[in-house]
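J.: The sequence shown runs 1 to 252 under our numbering.
Take these hints with a grain of salt, some might be off.
Here are the simulated DSSO-like cross-link-like pairs (lysine-lysine), alpha carbons at most 27 Å apart as the crow flies [stated by the list, open to error]:
(1) 91 <-> 16
(2) 212 <-> 231
(3) 44 <-> 19
(4) 112 <-> 55
(5) 16 <-> 112
(6) 19 <-> 47
(7) 47 <-> 16
Ranges between beta-carbon positions, derived for each pair [said to hold, decoys possible]:
(8) 207 <-> 244: 22 to 32 Å
(9) 229 <-> 51: 36 to 46 Å
(10) 186 <-> 213: 28 to 38 Å
(11) 72 <-> 232: 27 to 37 Å
The set of hints was computed from the structure by calculation and includes no laboratory data. Just so we're clear, the structure is a prediction, and the values are computed from it rather than from any experiment. Heads up, the beta-carbon is just placed ideally off N, CA and C, and yes, glycines get one too.
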Amino acid sequence: MTYEVIDSHCHLDFPKFNKDREETIERARAHGVAEMINSGIDYKTNKNSLDLARKYDFIYATLGLSPQMVPDANNERIDQILSQIERNIGKAAGIGEAGLDFYYCKDNAGRKKQEEVFSQVIELADRYNKTLVIHGRDGEELALEMCRDLDRVVFHCYGGSLETMRKIVDAGHYVSVPTLVCFSDQHREIARNLPLENMLIETDSPYLSPRKGRNEPLFVRDSVPVIAQLKEAEETDIAMATVQNTRRAFEL
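Generate coordinates for the entire structure from the input sequences, incorporating the hints supplied.
T.: Dropping the structure here:
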């Protein structure tokens, strides 16, 4: 079926694409993936994301500071990344991914440090009026509370509760449904209950593939018929809505 989609979150700069990055991008474009948002997680990947956005006018960069790296990072490294984000803010479609990851981080000191760093990232998003892309695994509710004053927030690869999802929607924010929806009952329930006007779709590639092997932006199309069936809607309506939502969320 012919329609355009946007992969709202991918990592095309990661090493798993080193052998065929250009072909992967061309394959996605040839099959209707109109745009891709490449999200950085640290200094190196932020730079790589900017390089991709400079090379391709249909790839946008978000500049992030992953919560997974925060507990073991020294203050100098964190400050370096925050400065990098601020220095390149005009070239970025958003800030993130950043947030809280309490799934991997169990100790209070590490979690507290994540909160402190996330507060600094939120301050940047607020100061420069940029969309914030949140990684909030097992910390979704606190992340929502912390960014309550921001206008544009995307909860990337959302896997939290329906109750928290409804609070996110009530706050006017966006929830991104990953390709996990193709095989995960939890994510199907999220997609079924998420209002279409708040929905984005993503691959988070090279992770979370709906097919055997590595994920890639092309596979974001796999989610569309699944979501259409869950919501008893036309595939074209799902595609059109998520494209419009993504462009609105990131002011593309």
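J.: Next step is simple, just say for each hint if it's right about the structure.
T.: These are the hints, each one checked on the structure:
1. Annotation: proposed proximity of residue 91 to residue 16 holds, straight-line Cα distance about 25 Å (limit 27 Å).
2. A threshold of 27 Å between alpha carbons decides the hint, and for residue 212 with residue 231 the separation of about 26 Å falls inside it, so the pair holds.
3. For the proposed pair residue 44 and residue 19, the alpha carbon gap of about 19 Å is at most 27 Å, so the pair holds.
4. For the hint linking residue 112 to residue 55, the alpha-carbon distance of about 38 Å lies beyond 27 Å, and the restraint is violated.
5. Of the pairs offered as hints, the one joining residue 16 and residue 112 is violated, with about 32 Å between alpha carbons and a cut-off of 27 Å exceeded.
6. Distance hint between residue 19 and residue 47 is fulfilled; the C-alpha atoms sit about 19 Å from each other, no more than 27 Å.
7. For the hint linking residue 47 to residue 16, the alpha-carbon distance of about 17 Å falls within 27 Å, and the restraint holds.
8. A hinted range of 22 to 32 Å for the beta carbons of residue 207 and residue 244 is consistent with their spacing of about 26 Å.
9. For the pair residue 229 and residue 51, the beta carbons lie near 38 Å from each other, so the given range of 36 to 46 Å is met.
10. With their beta carbons about 23 Å apart, residue 186 and residue 213 fall outside the hinted range of 28 to 38 Å.
11. Range check, residue 72 to residue 232: Cβ separation about 46 Å, and the 27 to 37 Å hint is violated.
In summary, the structure is inconsistent with hints 4, 5, 10 and 11 from the numbered list given earlier, while agreeing with the others.
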